[in-house]
Amino acid sequence: MIQINNLSFSFASAEIFNRLNFTVNRGEILSIIGPNGCGKSTLLRLLRGSLKAQSGDVLWDKTPVGKIPAGEMARKVAVVPQSSTISFPYKVRELVAMGRYPHRKNLLSFQDKTDLQAIEQALVMTDILPLVERPITQLSGGELQRVLLARALAQNGSVLFLDEATNHLDIDHRFELTELLLQLNREQQTTIVQISHDLDLAAAISQRILLLTEHGKIAEIGSPEKVMTAANLQQIFRVDVKVDSNPFTGTPQIVPLINKSNHQLNNLKVHLICGGGSGNTLLRRLHLAKAKVTAGPLNQGDSDEMTANVLNIPVAQEIPFSPFSEQTLATTQNFIETTEILVITTQWWGVGNLPCLDLAETAIHQGIAVYLLAQQQEQDYTGGKAWEKIQQLKNQGVRAVRNEEHLLDELDSLPPISII
Amino acid sequence: MLKNFISCMLLVLLFSVSAGGADFTDAVNRQVSLPHPPKRIVSLVPSVTEILFTLGLEKHIVAVTDFCTYPEAALKLPKVGNYADPSLESILLHKPDLIIAAADMNRPALVRRLELLEVPVYVVYPQTVAETLKTIQNLGNITGAEKQSKELVNSIKMKIQRIQQKISNSKQPTTLECVLLQPLTVAGPDTFVADIIAIAGGQNVVPKGPSRYPTWNTEALLTIDPETIIVSTYPGQPDPNHFFDAWPQLQAVRNQRIININADWIHRPGPRMILGITALAKALHPGISFNE
Amino acid sequence: MNKFATKSWVWLLFLLSPPAAILISLSTGSLDLSWNQLFTILLQGSGPDIEQVIIWQIRLPRALLAGLVGAALSLSGVTFQAVLRNPLADPYLLGISGGAALGAVIALTCGFQSPMIIPLAAFIGALTALLLVYLVAQAHTCSSHTLILSGVMVGSLAAALLLFLLWRAPADATRQAIFWLAGNLSLANPDWLSWGWIWVLIGFLLLWSQSPNLDLLTQGEETAADLGLDVGRSRLILFALAGALTACAVSLAGLVGFVGLVIPHICRMLWGPGHRLLLPFSALLGSSFLIIADAIARSLYAPAEIPVGVVTAVLGAPFFLYLLRRKGGGL
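Protein chains in written order, with numbering that gives the first Met the number 0: chain Z, 0 to 419; chain U, 0 to 291; chain S, 0 to 330.
For the record, the hints were derived by calculation from the structure and aren't laboratory data.
Predicted, not measured: the structure shown is a model, and the values here were computed from it.
The beta carbon of each residue, even a glycine, is placed where N, CA and C say it ideally should be.
Zero decoy hints are in this set.
Covered by chain S, per the in silico footprint, the following chain U stretches (three or more residues, Cβ under 8 angstroms):
#, region
1, 170 to 182
2, 197 to 210
3, 232 to 243
Starting from the given sequences, assemble the full structure and let the hints guide the process.
Pasting the structure below:
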C-alpha cells in the first residue's frame, strides 16, 4: 500500500537515510524499532509526506505522496504525535473534535451527526469520557497521550501512525491501547505503523517489524520471530538478551540478561589494542571495574585516545593520521611487557595498524594472556594479510571471546595472577 | 607710614572692584565670578542672543545655538548645536569667557558639565515679563552694559505702562492661545504666554492642570468657546486662518477674532516681547488704537 | 454554579457592553450634561445647538471610532496569538508598529499637513513592514520563531530610523509624533468612520470564517498539517487579515497599546480558547474597553486630554494581573 523506493533524506548536512527500500502492506500492523536517534520519527514524517525526501519516492497506492492533496491525506491517515506543548487551554472534547477537521465540507459548516458520533466513539475507546470538560493544560502526560490518540481516532482514517504512543501510559492503559489497535486492525482493517520502545508489546501485536540500525539502514524487516533475535538485538541495541517464545501468544519475548554482579578486576593490568572507537566501551568498563588499563598504539585525535585521556589511562600516542612509528610501537611494546592481559578489540585493519598483530604475537610468546574479540573479515583492508595473521594468532593460543561481556566474565573469573 | 600703606591697599582694592570684575548671583542662585567684563560670550539661549544684540554686544558673541534665529546677523554667527544638547567641544573651541544658559531648556546636568569646562556659566530663567526685564538688567550688569540695559528696560516698561493705561477700562476678553494646531495644544496659566495675555488685558481660559501646555480636543474648544483665539505657531502647521472654519459655532470664528501673532514675539522672553504685548493688546481690544 | 447559566448571563453582558460603553462615553467630557439632557438630545437628533453638536458631531463619532479601533486591535491580537502560538503576541508584532510609526513620522517631518497624509503613511508603513517581515522570513515555510525574530528585527530597524528622524525634527514635529505614538483618537476625521467600520466588519467576518483554522494552528504547525491544513496558505491569509486590521486601527488612532494584548487573554480566560466564540467576544470587549478608556482620557483632566494609550495601560495592566492571580495561569 505504501511503497518506499530508494528514499534518501538528510537534515542539514547529516544524512539520515540512504536509499531506503521497503513496503507497508495494507491492513498490517508494522512496528518500527531501533536505537535512539536512528531516524524513526523522521521516517514516519517521510511516510506521511510532511517531510520531503531529497531523492527516491514514497508511493501511496502508486501515487507519490507529494501529489495527494492535504485534505485527502488527512482523511486517509491519522498521526498520534509523541507529545505536544500546548499553551492554550482547550477542553478535551474540543481537542478531540479537531480530529474531524479533514471531514469538514467547508469552513463554515458545523459538526453533524457523523462528526459527533466519531468523536463520542473516540472518547469511549480511549477511556477519557470522565475528562471531557477538563482543559488539556491540566492533564497528566498519560491522559494527554490518550487525548491525542482519541483525536487521531476521530479522524477515522484507514491508516494510523503512532509515534511512541505508549510512552507515558500506565500498564492498564498500555494494554488497552494495544487491544484497541488490534481491534481496529481486525475490525476495520486499519493499517497501523507504530514506533515503539516497548519491544514485547510490539512483538506481540505486529505482523511485521522493521528494525533500523543507528545509521538509518534497515537491519531486518519481517515477522517478529525473524527480526527479534538475540543476535539482532545485541548488534543493534548492544544489549545482551535472551529471546524466548511467549507461552501465550507464541510471539518473541525478550528476557534481559542483566548481569547483577559487578565485575571486579582488582588492579588487573590490562593493555588494550584498539582504535576508531572500538575500545570505547571496554576502556570505560575496565576502568569502572578497577583494572589498571593501558592502551595503544593510538593516533592523537582518535576517539579511543580521547576517551583514554579523559580516564587518565596511559596511551602510547602517535601523531594524527600517521602510521605507527617505530618509537610508538616500542612504547607499546613496553606497556605490553609489563601487562598481565592483552586485549585486541574488533577493529578495521589497515597497513598502519598491522604491526599491532605482530605485537600480539610477541606477547603470546612472552606468555601474556591475549584475548581476541570477534573479528570481521570485511574489516580487513590489508589485502588479506591481517586476516592471515589473525588466523595465525588463533592457532598460537590466543583466546577468542564473543563479546565484551564475555571478556569481562572471563577476566573476572581468572585466579589472581602474579606479576610475570 | 602704616596709614599710608593701608590707604594704598584700600585704593587698590577699590580700583580692582570698579574695574568690572565682580561676583554675580544668577537666576538659580549660583555664584558666578567674572574677573572682567566678558569679551567672548557663548549664548545657549535664543532670547539671550536677542538681548545681547539689542544691548549692542554683538561683537562679543562668539557662538550661538541653531535656534538663535533673530536678528538676521545672528544667523551668521558660528553655531554649537541645539540648546538642549550643545557640543561641548565646539563651545570650548571658541574660547569663551562666559557661557549663558537657560534653566528650563538646559538641564542642570548640562550646567554641571559646562562648569567643568572651567568657564563661568550664567544661568537665566525668565518665566514672566517682569523676570525678563530683570534678566535684561542682569545681563547688562554682568557685561558692563548697565547703561544700555537700563535704557532698554525703561523703554519697555514705559510702553507697557502706556498700553495698560489705554486698556484699563476695557473688558478683558476670554482668550485662548494656541501653540500648536495639530494636535491642538494651548498655553496654560504657568507660562510666559499667560503672563503676556494678562498684561495685554486678556483672560486666559485654560485652567491649571497637569501639563503647562495641555492638548485640547474639539469638544473642549466648543464648550469653553473663548472670545478670542490667538494662534502663534511655527511654520509647518495648518493655516490658522482656515483651521477653525469647520466650527462656525465658535464665537471667535463668527466674530472673526482669530488672530495670528508671530510665535517668537510671545514665546521668547526677550526684547521683542513688547511687540507681542502690543500685538496681543490690539487683538484683544480691537476698538482701541495703539499708535506708537 | 451552573456553567450554562453563567454563560448566558455573560453573553448578554457582552452583547450589551459596547452600546452601554457608548452611552457612558456620551455622558462625559468637557461639557457637563445631565442624563436627562443627554437622553433629550439623543431623542431630538442632530441640530445646531452647541450641546447637539457636541453629542452628535463630536462625542458620538469619537465613541464609534474608539469602538472600531478597539475591535480591530482585539481581533488582530487574537489572530497573532493563535498563529504564532504565543500568548504574548500583540497586533504590533512582526514590525507593524515600527513600520506604522516610521510612516507617520516621515510624513510628519516632511511637513505634510494634509489630514489624509499621516494616516495613509501609517497604513502603508504598517503593511510594508509586514510584507518585509514575511519576505525576509520566507514565511511560507518557516517556523513561528523565525517570524517573530524577523519581526523584532524589522521593528527595531524602523524604531532606530524613527529615533533618528525625531532627533532631526523641530520641536513641534516631535511633539506631534509623541502624541501619535501614544495613541490619540482626536486626530481622526469622522468622515472616515463608515469606511473604517466596513473595513473592520469585513475583516471580522473573514477572520471568523477562519476560526477552525485558527484552532488548528494553535496545536502546532505539524499537527495542523497532519489534520489537513495548508499551513503556509492559512498563515498568509491570517497575517494579511490581522495586518490589515491593525493597519486600519493604527492609521486612525496611532499606536494604542495594550488592547490587542490583554483583551484576548481576558476573553480566553472567561470563554476558553475556541475561536468561534473568542473572536466575536474579543471584538465586543475590545470595543467597550477602548470606548471607556477614551472617555476617561477625555474627561479626567478636562478640558485637557491625555493620550488614550496611557489610560489603556493603567487600566489594563492591573486588571490583567488580578485575573491572572485568580485563575492562576492557564493562558
